[in-house]
Amino acid sequence: MSLTELADRVGVTIANLSILKTGKARAIRFSTLDALCRELDCQPGDIVAFEPGPPMDLEEDEEG
Amino acid sequence: MRALGPGSVSSFLKIILDVAHVALSVGLGVVTTLALAALFFHFDPKFLFRDAEFNLADAQTARQIVTGSLILGAIYIAGVLVIVGRLRRIFATLTAGDPFHPDNVRRLRMIGLVLAVLELIRYPTALITAWLAPEVLATRGFSPNLTAWFAVLVVFVLAEVFREGARLRREAELTI
Numbered sequence: 000m001s002l003t004e005l006a007d008r009v010g011v012t013i014a015n016l017s018i019l020k021t022g023k024a025r026a027i028r029f030s031t032l033d034a035l036c037r038e039l040d041c042q043p044g045d046i047v048a049f050e051p052g053p054p055m056d057l058e059e060d061e062e063g
Numbered sequence: 000m001r002a003l004g005p006g007s008v009s010s011f012l013k014i015i016l017d018v019a020h021v022a023l024s025v026g027l028g029v030v031t032t033l034a035l036a037a038l039f040f041h042f043d044p045k046f047l048f049r050d051a052e053f054n055l056a057d058a059q060t061a062r063q064i065v066t067g068s069l070i071l072g073a074i075y076i077a078g079v080l081v082i083v084g085r086l087r088r089i090f091a092t093l094t095a096g097d098p099f100h101p102d103n104v105r106r107l108r109m110i111g112l113v114l115a116v117l118e119l120i121r122y123p124t125a126l127i128t129a130w131l132a133p134e135v136l137a138t139r140g141f142s143p144n145l146t147a148w149f150a151v152l153v154v155f156v157l158a159e160v161f162r163e164g165a166r167l168r169r170e171a172e173l174t175i
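Residue numbers (numbering that gives the first Met the number 0), protein chains in the order written: chain A, 0 to 63; chain B, 0 to 175.
Quick caveat, the hints were computed from the structure, so don't treat them as lab data. The C-beta atom is built at its ideal place from N, Cα and C for all residues, glycine as well. Hints may be right or wrong, so weigh each one.
Distance ranges between label pairs, derived from CB positions [claimed, not checked]:
#1 A:43 to B:144: 57 to 63 angstroms
#2 A:44 to B:18: 58 to 64 angstroms
#3 A:33 to B:22: 53 to 59 angstroms
#4 B:18 to A:43: 51 to 57 angstroms
#5 A:4 to B:6: 52 to 58 angstroms
#6 A:17 to B:144: 50 to 56 angstroms
#7 A:26 to B:126: 54 to 60 angstroms
#8 A:37 to B:170: 21 to 27 angstroms
#9 B:20 to A:46: 49 to 55 angstroms
So the derived list for chain B, only partly shown, Cβ under 10 angstroms to chain A, looks like this [unchecked claim]:
#10 17
#11 97
#12 169
#13 171
#14 173
#15 174
#16 175
Using the sequences and the accompanying hints, generate a full structural model.
Laid out in structure tokens, this is it:
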């Protein structure tokens with residue numbers, strides 16, 4: 000399945016799918032996760048995983 | 000009546016700010032030219048004080064007051080011009096329907112800073128006026144403007160509100 004097709008089926012833009020893929024996303028909606036798991040026939044744990052490291056800085060992007 | 004977006008109150012206010020910006024730019028040019036002329040050319044200040052309530056004996060002092068007033072006027076107009084310029088840009092983002100643009104935080108902080116500086120300038124000005132021409136201060140009087148300081152604090156708090164708004168906007172952008 001191509002990225003365009005997946006974006007179409009899940010109902011997100013290719014740009015957002017790319018943000019998700021590159022790990023730049025801050026959060027993921029349950030509805031998006033649900034749609035992704037449905038289309039990819041997988042579990043949430045196959046998409047998201049915890050990687051040990053410094054805590055996320057919530058202020059880092061605040062002023063763009 | 001909509002507050003944000005094209006054709007809203009914001010776009011109407013943006014037009015008013017555009018006009019004010021042009022008028023202030025022209026005013027700044029005129030006052031700066033007059034201030035430079037007063038600094039570098041000799042003039043007789045008596046004609047300015049003919050109908051004034053106070054009576055200045057010394058023409059030299061009168062000349063200094065006129066020149067100082069023109070320089071202060073130019074600084075004041077420049078400050079107001081900076082404020083109006085920043086407000087124009089803020090209202091441009093409101094007209095575009097994007098109030099929590101990250102740049103608005105910096106713009107609001109600048110407005111607060113300029114408001115504070117304009118208020119602070121009044122104190123040494125009053126001191127110098129009291130020294131050079133006590134009659135002028137006696138006629139006009141002087142007191143710290145609490146409303147101005149209140150406005151400064153409100154603008155700085157608003158800047159923080161916009162900072163939080165910009166952070167939430169960024170977070171919403173990165174929520175897939």
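(request) Note whether the CB distance of residue 26 of chain A and residue 126 of chain B lies within 54 to 60 angstroms or breaks it. (result) holds (56 angstroms)
(request) Given the range 57 to 63 angstroms, decide if the beta-carbon distance of residue 43 of chain A to residue 144 of chain B lies inside it. (result) The hint (57 to 63 angstroms, Cβ to Cβ) holds, given that residue 43 of chain A and residue 144 of chain B are roughly 59 angstroms apart.
(message) Hint residue 17 of chain B vs chain A: min CB-CB distance below 10 angstroms?
(response) This interface hint is violated because 26 angstroms lies over the 10 angstroms limit.
(message) Is the interface hint satisfied for residue 174 of chain B? The criterion is a beta-carbon contact with chain A at less than 10 angstroms.
(response) holds (4 angstroms)
(request) Answer holds if the nearest beta-carbon of chain A is closer than 10 angstroms to that of residue 97 of chain B; otherwise answer violated. (result) Constraint on residue 97 of chain B not satisfied, violated at 12 angstroms.
(request) For residue 20 of chain B and residue 46 of chain A, compare the CB-CB distance with the range 49 to 55 angstroms and indicate the outcome. (result) Holds, at about 51 angstroms.
(request) Note whether the CB distance of residue 4 of chain A and residue 6 of chain B lies within 52 to 58 angstroms or breaks it. (result) violated (39 angstroms)
(request) Please test the hint of 50 to 56 angstroms on the beta carbon pair from residue 17 of chain A and residue 144 of chain B. (result) Check passed, 53 angstroms falls within 50 to 56 angstroms.
(message) Holds or violated: the hint that residue 169 of chain B contacts chain A, with Cβ atoms closer than 10 angstroms.
(response) It holds, given that the least Cβ distance between residue 169 of chain B and chain A is near 5 angstroms, below 10 angstroms.
(request) Look at the Cβ atoms of residue 44 of chain A and residue 18 of chain B and judge whether their distance stays inside 58 to 64 angstroms. (result) holds (60 angstroms)
(request) Return the status of the interface hint for residue 171 of chain B: holds when the least beta-carbon distance to chain A is below 10 angstroms, violated otherwise. (result) Constraint on residue 171 of chain B satisfied, holds at 9 angstroms.
(message) A closest beta-carbon separation below 10 angstroms is what the hint needs, so does residue 173 of chain B meet it against chain A?
(response) holds (4 angstroms)
Violated hints for the displayed structure, listed by number in ascending order: 5, 10, 11.
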